[in-house]
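**Student:** Protein chains in written order, with my numbering: chain Z, 1 to 138; chain W, 1 to 127.
Read the hints as simulated data drawn from the structure, not as lab findings.
Please read these numbers as outputs of a predicted model, since none were measured by experiment.
Some hints could be false.
[What the hints assert, rightly or not] Just a few of them, taken from the derived set where beta-carbon distance is under 8 Å, the chain Z residues facing chain W:
(1) Ala22
(2) Arg32
(3) Leu35
(4) Asp36
(5) Phe66
Think of the CB as a built atom: it goes at the ideal place given N, C-alpha and C, for glycine as much as any other residue.
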Amino acid sequence: MSANESLAGRAFPAITVETLRAYAEASGDPNRIHLDEGAARAAGLPGIIAHGMLIAAYAAERARDFGRERGGLELRRFQCRFRAMTLLGDVVTISGRARREGDGGAWALELETTNQRSEVVMISRVELGSRVSGDTPR
Amino acid sequence: MSVGESAGPFVEEVTPGRVEAFAAAVGAPRGEVPSTYLTRLRHGEFELFQRLGIPLERVLHGEQEYEFDRPLRAGDRLSYSTRITSWVRKRGDLSILVFETSYEDGSLPGARVALARTTIVVRGQRP
Chain Z
1 MSANESLAGR AFPAITVETL RAYAEASGDP NRIHLDEGAA RAAGLPGIIA
51 HGMLIAAYAA ERARDFGRER GGLELRRFQC RFRAMTLLGD VVTISGRARR
101 EGDGGAWALE LETTNQRSEV VMISRVELGS RVSGDTPR
Chain W
1 MSVGESAGPF VEEVTPGRVE AFAAAVGAPR GEVPSTYLTR LRHGEFELFQ
51 RLGIPLERVL HGEQEYEFDR PLRAGDRLSY STRITSWVRK RGDLSILVFE
101 TSYEDGSLPG ARVALARTTI VVRGQRP
């Protein structure tokens, strides 16, 4: 088994107003710049922008998929940095690398989220580990 | 200054309905709580924005970090407080704020479930 793997790019559906409305409601984010073109422009933005945390959610799910494929690894740590805004109609693709860490079944993923203009919109790092036995608080 | 200013505690239940809506919204499979679900529990940050007079339209998300002591589960009751741990002004028209939030299991006081660190960029804001 490889200790270092390349993750093939996975594209997500283009961002629509419906996507953002559903996410705004589910995440409880009232910020109008994600829902209203006028509000976004009044705030000095080029138009409605996607919630950064929606783009982060896509990367987290990509990492969780990786963990599921390897026997149900749990997500221990998630870090992301936003580099560019995501606009309506944008298609984001996630790719990156996965590296084994230590010898306890842990993996570290370094992911890159890019858009159809080949801009990096977000970089993230996810640490996955084996299931913790019991629920002992640490 | 504002570093050290805090809000909370807040309590929120991780209900099956909220989990399902969030999972559907981010394209995650049913049956588990999506890893970024904690973005719902940011009332501390919103209250601090209000208290400091920072309008949401001027806020951009810079970075986000989560550390999990255990996975979240539907049925969890989470208690959390948020504190400003850093405020740096850059160039005169940009401020970088860092919020830290500790999430505890409401049914096991003192048992931390997760830690969140949110870096926010505030545009065009003067103190």
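**Student:** Return the status of the interface hint for aspartate 36/Z: holds when the least beta-carbon distance to chain W is below 8 Å, violated otherwise.
**Tutor:** violated, 10 Å
**Student:** Holds or violated: is the Cβ of alanine 22/Z closer than 8 Å to a Cβ in chain W?
**Tutor:** holds, 4 Å
**Student:** Arginine 32/Z was flagged as interface toward chain W. Is the shortest Cβ-Cβ separation under 8 Å?
**Tutor:** OK, holds: arginine 32/Z within 8 Å of chain W, min 7 Å.
**Student:** Using Cβ atoms only, decide whether leucine 35/Z comes closer than 8 Å to chain W, and label the hint accordingly.
**Tutor:** Not OK, violated: leucine 35/Z not within 8 Å of chain W, min 12 Å.
**Student:** Is the interface hint for phenylalanine 66/Z satisfied, with its Cβ closer than 8 Å to some Cβ of chain W?
**Tutor:** Not OK, violated: phenylalanine 66/Z not within 8 Å of chain W, min 12 Å.
Checked against the numbered hints above, the structure violates hints 3, 4, 5; every other hint is satisfied.
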